[in-house]
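Go ahead and model the full structure; you've got the sequences and the hints to work with.
In order, the protein sequence lines correspond to chains A and B. The opening position of the first sequence corresponds to residue 2 in the numbering used here, with each subsequent residue numbered one higher. The opening position of the second sequence corresponds to residue 2 in the numbering used here, with each subsequent residue numbered one higher.
Source of the hints: derived by calculation from the structure; they are not laboratory data. Every clue listed holds true.
Remember, identical chains collapse to one label, so a pair may be satisfied in a single copy or spanning two.
Here are the simulated DSS-like pairs of lysine-lysine, each with C-alpha atoms no more than 27 Å apart in a straight line:
hint, residue 1, residue 2
1, Lys-95, Lys-41
2, Lys-404, Lys-416
3, Lys-283, Lys-16
4, Lys-16, Lys-154
Source: prediction; values computed, not measured.
Spelled out from the first residue to the last, the chains are:
There are 2 protein chains.
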Amino acid sequence: MAKNDKMQTLGITTKKFDDTADWYSQVVTKSGMADYAPVKGCMIIKPLGYAVWQSVMDYFNSVIKGHGVQNAYFPMFIPESFFYKEAEHAEGFKPEVAWIEQKDDTKERYAIRPTSETIMYDTYSRWIRSWRDLPLKINQWCNICRWETQDCKIFLRSREFLWQEGHCVYETKEERDKETQIYLSEYKRLAEELLAIPVITGQKTDKEKFAGADRTFTIEGLMPDGKALQMGTSHDLSQGFAKAFGIKFAGRDDSEQIPFQNSWGFSTRLLGGIVMMHSDDKGLVLPPKVAPNKVVVIPLVFKDKKDSVLVAAKKILSDLKEFDPLFDDKWEDYSAGFRFSDWELKGIPLRIEVGPRDLENESVMVVRRDTAEKKSVKISELASFVRTELETMQNDMFTSAKKKFEENIVEVKTKEEFLKAVSSGKMALAPFTGDAEDEDFLKAETKGVTTRCIKCEATNGEKCFYTGKPAKYWIYFARNY
Amino acid sequence: MAKNDKMQTLGITTKKFDDTADWYSQVVTKSGMADYAPVKGCMIIKPLGYAVWQSVMDYFNSVIKGHGVQNAYFPMFIPESFFYKEAEHAEGFKPEVAWIEQKDDTKERYAIRPTSETIMYDTYSRWIRSWRDLPLKINQWCNICRWETQDCKIFLRSREFLWQEGHCVYETKEERDKETQIYLSEYKRLAEELLAIPVITGQKTDKEKFAGADRTFTIEGLMPDGKALQMGTSHDLSQGFAKAFGIKFAGRDDSEQIPFQNSWGFSTRLLGGIVMMHSDDKGLVLPPKVAPNKVVVIPLVFKDKKDSVLVAAKKILSDLKEFDPLFDDKWEDYSAGFRFSDWELKGIPLRIEVGPRDLENESVMVVRRDTAEKKSVKISELASFVRTELETMQNDMFTSAKKKFEENIVEVKTKEEFLKAVSSGKMALAPFTGDAEDEDFLKAETKGVTTRCIKCEATNGEKCFYTGKPAKYWIYFARNY
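Shown next as structure tokens:
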């Protein structure tokens, strides 16, 4: 340990469960996922974070292509009058909209998109003429601005973030309803199979639904600090949008009809979910499927064995090309221990130690980031071992997260049980009236516990845990990001 | 032709060389590449246009990854004070910047990025500490706002567009200079090999260089209407940025040093270049490499042969899967002639006609979009034929464009020759003083002819074609977009 280890102080200095907010901020910034921007409320997505986002984009582009959805790009500027065409929508977004100073001859203000329903549907009204133009299925990857006044929580709350927004138009309500559920289930699959984050799915209460939707469906994860994270929503839009923007079509019988629409989106908030869910006191842990570099090859260089170790390490690097391996060439400056910690901080799924002693047995040491488990592996079998080990790690991460998730959803029937659950970092599943007013009271009384989504109707005469009135639904409750 | 051909009127109604501006606008909108937005000066990139842009992004991401460049994302909002740190830069962008109304406690205005040097370099000053942090090579894909007052020319001039901007920092000037040229040559390769657009490369004059650069290098194409199109630029930045934003590093000898930087970018303007360059009176022509769907399979359905034709067409569709084939199922509603025109309008590189007569010989008819050349091809050899034909078409498109390009660059030595060249849709290569003042006079006198780039120094005592003074350079001149 005689080497230059001063950078050791760059490690995480708080524990995950001592001060989750500080720990999160440290993991995000020190791992290279993101950074705070010199503009209040904004973030910088650093190369590692952007590469994870790219994995998510690539995955989801292939998913939506399979459903016949095409990508497009609409302007970031939206005329003010567009917002006010759909009243609920305008009301919902009004406080968060940023406006630009520049105006044209009309003197109308331009907003920076907080979401793109209005500008897209105005255009759709010119693109759609007949049932032959339907379904119209368009997705957009873009930046979004919501002028938050709270401080930036990187990925979780910021004035600007990246997202995808799908906006589809259908001939029939049945087709629309079916597809709204398809995108919801694709979100669940993305969360669980790609990000290894278990989620519940369900309908939002009227109070929590999207401004302008008839029904909003959501996927929600539960973070280790007991807060729920809304990770994607899929909306059955009201026909208010179509009416407001004049979207209509000549039906199969030539009569004029109003189409049915949905919209659905997820954002870079997912990256915050990954960090929160999987990372630990040593730093970032990335599910292998979204890690841009799945292994790091670390030569353990000793003076007299330098050449043979480096030759072996370079050979391994080339054998593992399909995993986009990184190579640690910092042995001159830093001790092995420091280098191990540094790669752990950055969340590389597998560390491959190439040392003289193992090489005598034609082996290397492979260490898993999530469990720290070490295995000696024959070099001749390394590529196939790595392939399997990455799959195992991905599955184990999900299984372990799923187990905790299930333990932390508690069915409660009384207010006492409810308060005990939500104050101990759990999500409560409780019978509830479903009234917006009761939600408001509960949120105020508990300083922030909200309904996350409806699980199902309460059909066995259950009483609302909060009011004692007849319950309408079983609802998931939690604090949230 | 008894079928419903009323949509025939959706074809292009102007010829390319009768009214290029109108023709261009029609091709862009009617082919499905893009549309005008309900916000002045803005465009909507439609699915076909976005898919072509995606091809360009995929290609270039792989190129820059090979050069060790990583993608990241910086905020779209830039504090006003950042602009004024580098004086030339501020001056250059001032007229085009859009500002938002919202302010924070500091009361400072926020701009919407017209380019990201300032916000990125402010951040770089915190990321870079030592020579070990260099080179830092970052690229960003994002939207850009330049508040043009002129009308929107889709892809070519709009208030918002998409682009990539690379921003690298190096220890030495030599390394920087070398890499600035590497990105320039990658741009040339992209234009020529992917987009089939021949370009010249060279240095911009001082008057035309980027605001804040020591030297700007450019690739320029020549559109069929005689206007040059700047398609990508690579800048050796002045150290003014590093000094203004406090980017410095501890060198190998531990002394404090100022690094060297470059930046380089191209935008969705490239899509305008593709349309201008290759398309014709029938509509869009896309180079096969960027066409999302490289073939369309068109069954020629006749009453008594419907089933056998459809079975064969579907089989072919599945055999050609690797080319993302489209399937034309509109035979009920439209005549074959109309359908051919419609696919020509949309620029599908190869049309495959599956008709009963050809099927008797186990053949189909393959028609190239660029030349209208028809070939009868055995179904058993179709996939390999298509693969080769697409390559041939890509190469032919470049070769043909290159031939015209070379014919249209005219070496001139007198003002008379010069005026003749630039007024007949050609690019003039002429000896020139290189003085900014002379450029201004010339531009005013010719109503818009500008220097495009420097070819080389004038070392044989040439006289400036315009002033008669000793020439400093051979320079390319043209009108431009």
